[in-house]
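Line by line, the protein sequences give chains A and B. Each residue of the first sequence is one higher than the one before, counting from 27 in this note's numbering. Each residue of the second sequence is one higher than the one before, counting from 5 in this note's numbering.
In short, the hints are calculated from the structure, not lab data. Beta carbons are placed, not taken as given, at the ideal position from N, Cα and C, and that holds for glycine. The reader is advised that the hints may include incorrect statements.
To be verified - Covered stretches of chain A, as calculated for chain B (at least 3 residues, CB under 8 Å):
#1 57-70
#2 84-92
#3 117-125
#4 129-138
#5 152-161
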Amino acid sequence: MDNLRQLVEAFIFAADSPLSLDRLSALIEEPKAKIRPIVEQLQQQYLASECGFYLAEVAGGYQFRTVVELAPWLRKLRKERAPRFSRAALETLAIIAYRQPATRADIEYLRGVDSGGVMKTLLDKNLLRILGKKDVPGRPLIYGTSRHFLELFGLRDLADLPTLKEFTALDPELAVADPLEPEADGAL
Amino acid sequence: MAIQIRTENFSGPLDLLLHLIKSHEMDIVDIRIVEITEQYLQIIEQMQQLDLDIAGEFLLMAATLVHIKSRMLLPVSDDIGEEDEDPRAELVKRLLEYQRYKDAAELFQQLPQLERDIFSAQFQCPDAGESDSEENEIPIGLYQLADAFHQLLKEKPPEIFHEVIRESLSVADYIERIVERLLQQKRLSFREIFSAESSRNQLIVTFLATLELVKMHIVSIDQVDDFSEIWLALMVPADQLSSISPEKDLLGYG
């Protein structure tokens, strides 16, 4: 049993991206039900012992990550500064994250400016994903965020996105935000 | 009072408008449209004097504001009924929506970011890229696949002379060709499926055939790492292949 704990810990440690329970289960050849409690136990253990890192749950998997309080020190480790997002890029990313699936026209209507360049950059950085085509004239591409996006911002899944301030105190007619309809038909 | 504002500080006309509303301590849902329009136009004018490139979007917003202003000056006629919408309604809705995403963008900025605030264990083996490390392959998206094809096309400059001989290339034939090669070799890199002497047309048909194969769930595409080689492999055992051989008529290519 102790052996299994070591194995789970080692796999997560050595993997280069977050490992999901499914993946761990396949690698270790043990059912998920057996692995889940071990992972949870490991999470507790690292939290309790105040390590410089912890076992984070991100993008549907588990990964060891340094604690955020050490950020100013750890940045010294990298020669280059982490690339900063422009405001346009963050706005576009936020719109797609909360509204996905979204077309380029949706994004440009909300931002009031051409967003093609920003979206290309985000696609190049692997933060966006093409989900398919929308079934309207012109068949525009629809976009969503990628797994890499979740990893970058340390989110478990899309439900883990910070909640947006709703405009509750307003005229209900104005407050109706368009609902998120799963309109992606998935066809390429 | 001249306010020094430069467009590059704003990500768009909505952003500028929000700034004006805030700096004049107005309520978004009850914009004093005359005042705002005046301010906005003044700024646009200043930008022209500074000879900045004014984006069309800023001008479009100016037109929208003037339009709303003129509609608000019209007397409300009782005949049309009470449901006459406030001319500002759509703009207000857009501003509120935009405000939400602007806030969300700031929230994202503050979230701890990997490689900026938080670091994870990384092991990059220098020659892991093209090895047989099937273990860590990640499924890739359409964008990456199309991008890889774009790179390939770039290396094949457009042929300047072309004869007007119509060569009929069948996607179905190329599907069979790729499947045959995959049967022999089990795995092919994205580059390998294109033979070096192919013309651009052949490259395109090969790419279409690859997409069809992926769509038919006959071939899987994987990548070890971002920007590394893309691999194709058969997902279907060889003995089942004959039953799903492409129906040429259904593909819908000439």
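Quick check: which numbered hints come out false for this structure? 1
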